[in-house]
Structures are given as C-alpha cells and as structure tokens.
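> Read top to bottom, the protein sequences are chains H and D.
In this text, residue positions in the first sequence follow this note's numbering: the first is 1, and each later residue adds one.
In this text, residue positions in the second sequence follow this note's numbering: the first is 1001, and each later residue adds one.
No lab work stands behind these hints: they were computed from the structure.
All C-beta atoms in this analysis are idealised placements derived from N, C-alpha and C, irrespective of residue type, glycine included.
Any given hint might turn out to be false.
Claimed, not checked - Stretch-level coverage of chain D by chain H, calculated; a stretch enters the list once three of its residues show a Cβ under 8 angstroms from a Cβ in chain H:
{"hint": "1", "region": "1004-1014"}
{"hint": "2", "region": "1073-1080"}
{"hint": "3", "region": "1125-1135"}
{"hint": "4", "region": "1256-1267"}
In case you want the letters, here they are:
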Amino acid sequence: MRIAVLALQGDFIEHEQKLSECGVDTFEIRQLADIERDFDGLILPGGESTTIGKLLRELGLYAPLKQKIENGLPVLATCAGMILLAEKIANDDKTHFGTMAITVKRNAYGRQLGSFRTLSEMKGLGVIPMTFIRAPYIEQTNGAEILATVQGKSVAARQGNQLALAFHPELDDSNDIFNYFIDICKAYKSTTK
Amino acid sequence: MENDRYMLNKQLAQMLKGGVIMDVTTPEQAKIAEEAGACAVMALERIPADIRAAGGVSRMSDPKMIKGIMNAVSIPVMAKCRIGHFVEAQILQAIEIDYIDESEVLSPADDKYHIDKRKFDVPFVCGAKDLGEALRRINEGASMIRTKGEPGTGDIIQAVRHMRMMNAEIRRLTSMSEDELYNASKELQVPFDLVEYVHKNGKLPVVNFAAGGIATPADAALMMQLGAEGVFVGSGIFKSGNPKKRAEAIVKAVTNFNDAKLIAELSEDLGEAMVGINENEISLLMAERGK
C-alpha cells in the first residue's frame, strides 16, 4: 500500500514521518507527473490553503485530484486540507475541491494567540490530543458525519472515504488517526483491486 | 501551559514550510502577495533596500499601518521590531501580530542583549549567520530561525554563506562523540541541551528559512537546495519590474526547487530584477548586528 502526500507547501514532511512510523510507503506530489503513480490514499497537509489552492490549479493538479477524490480515493485532510475539501467557506468566496458537504470557517479561532492544544473525544477513537494552529472549524455539516466537537464547535468530519480534521494529528504523539485512516485506505484498496 | 505556547509557536512555523514570506508595505501589496501564493507577509513601512538608501535610524512600523495589512489578508502577518527593543515587541504582541521578527534590518536598540523572547506569548523569528547565533536565539525563545543574508542588496552571497556555515556546523556536531559535545557547547556559547539536540537530530530544533538577498526564482531554489525550509523575500519582489509575476514565479520555484526545467520556464520574461548592490559596495553590513 502506498499513500501520496500533497507536498506543495506546509507540514507535509510531518505527515510522511507519521505514515512511515505506521509502516506505510509514501511519496510526494509536487507536480502533475507525480500522480501517474498508483496510490491508495491521499494526504492534504496543514499549511496555507490560499497558497496550496493556487498551486494546485497552476500546476494542473486540481482537476485530476478532484476526480480521484470524487471516485472514492481516501483522503486525510488536516487544517488547510479541510478547507480544500469543504464545499463552502463561510468567510471566503473561493472554494477548492469542494468535495465534502461541510461549511468551514477559516482562522475561526483568531490569530496565532488563539492557537491551542487540548485532549478531546473523537468518535471511535476515544480521547486523543488535538492541536489547533490558526485553525478553521466546521460551521455546519451539510451531510458529512461529525466525529468530534471541541468547545461546542465541530472539528472533525467524515463523508465516505474523506476524513477532514481542523487540528493536526501529525504534530502529536498519538498515531490513532493515522491508523484509522490507513484502515480506510486498506478497505478501499481491497474493493478496487 | 507556558511550554504548550512555545510548542504551538514552533508549530506555526512548521505550517509555513515550503512557502514564501514576502515583505509588503501597503494593504494593496499584501493582497498581491497573498494572491501570488505567499504563505505569510512581513508588514513594514520601508523595505530593506529603501532603509539602506534612506539611512538614519530605522524603527518598528506604525501599528496602524501594520493593522491595515492584518485586516487586508487572511494569511499570517509578521512585523519587525528592533533587536533588544522589548517594548516594540510588547506593542506588536498587543496588536496580536502572528509573528515578530527581531530584526537586524532595523537599527538595533541594544548592542548587548536580545529580547527575552520566553516572556512573550507571540512567536519570534530571528536572523542568524552561524549555528551559535541560531542556538543562542532559540535559547532566548525564538521559535523560528532565518539566515541573515544581507537585506536590501539583491545579492545572495551572504545568505548562501550563512546557510552553508550553519549546515557545516550542524554536520560537525552530528559527527562528534558525546564527550566532545560539552566543549562544543562552550565554544558555541549555547546550553548543552541544544547542542545535544542538534547532535542527535542533525537539524535545528526549529524551522529554518533563508532570507536576505533573494531576488529571482533561481535564488529561491538555490537556498532550498542548500537546505532552507522556505524563504523570505524582502526587497526582491516589490523593487522589481513586475512584482506579481515575480512573486508567483518564486512561489512555484520554492515548491518545485529541484525541477530545473520548470524553473527555467519560471525565469522567462520576469522583467527587470531589483537593481542589486554587491556586498563589497556597501558600507553597512546589517548581518553584523546582533550576535
């Protein structure tokens, strides 16, 4: 099994390290030629969604990746990644892949002074660490299942094989979310091959 | 909790990796930078090339001007305070800036002491030209490092020199035996635990960007290939003929810094680059400020 990590900007190396700890092969997507390889899952890392969204389009990655996601490719999206997946962004006219039925709010906790870490419950995983860095939250779900709520705000959602998180599991010690995602990828692989 | 804050501040820098942080002087420039794909902007009244040309004492920018830029864009906003000027830093924290650059580009306020950055909740980035400087700044509480380079010159030589120096010193530390680390700590004038971290991990404990003199996509890719985790571009963009196009090209060159064919395309028709000054033509070396 192999999982691709979108490596246009942001903390993609942290994701690669986590996946490698979990025993999964990874490779980076930086341009169109990279997605000709076979992969069973995709990571959309943290970073700046405006930067990553722009590069996705200009490097010609937007349409082919969107199609793969629509066809069921498992995706783990953290922070900026969640913004890329959302079908609606409350405080921005622009959307990106728009494949997930959630409305998100960018920089929802304010500036860097509003960044925080907490322990909270995630459905199916129990209590896990959650690190929010200038994070978004899910203002409302338009169909996706909400998996975690912190301080009354939805911060994790799943829709089919898409898993979107407002926080950064790649920055914390726990590998629970990565193992959860790897299971989604394994199930996908077994149904498609 | 205090420790948590420092972690969160280091982690914000991790989110900036692989990106370009651009100097801007107006909300309009900030928007151009954001639309061109900048991962953050540095708000300042005068870019380094103009500071150099104007001479005189250079200080923190007007908070109103900085707030105007914070309101104009959705990406993180940084601003500079003078080395050792902890009240300017307090002001920047009070307006909730995302990152403070305790910068040698401005006139130093203290020729001996840097700001005790551990006392602040907002993160700091500091310049360094060798490993000792980098680790001393980290010990003072910096959560991100950048090379000093030589700001406002469009001359890449100093940034290259500083990045190579840092990398060479890191390699030297990693090859030492453990009992040699105590002496290295003494020589570098930094605490043992930081030396030990570099020895074990082969890298700084915080994100390390390149800055100072980057003017072209090739300059940016050069710094990335030398091991920078991202770049600051100061005067290089808004002192050039076509800022938007140049900014976009530099952003793409940083993402695909190993793809010479793409960088060749990106380097075409960029218009005039900033007029550079060679390091031996200038009398003021900003990199010598703050050790």
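> Hint by hint, say whether it matches the structure.
Results of checking the hints against the structure:
1. 1004-1014: Coverage by chain H holds here, the residue count being 7 at a Cβ distance below 8 angstroms.
2. 1073-1080: It holds: at least three residues are needed, and the region 1073-1080 of chain D offers 3 whose Cβ sits within less than 8 angstroms of chain H.
3. 1125-1135: That given contact is violated, which follows from only 0 residues of the region 1125-1135 of chain D lying within Cβ reach (below 8 angstroms) of chain H.
4. 1256-1267: holds (count 3)
Checked against the numbered hints above, the structure violates only hint 3.
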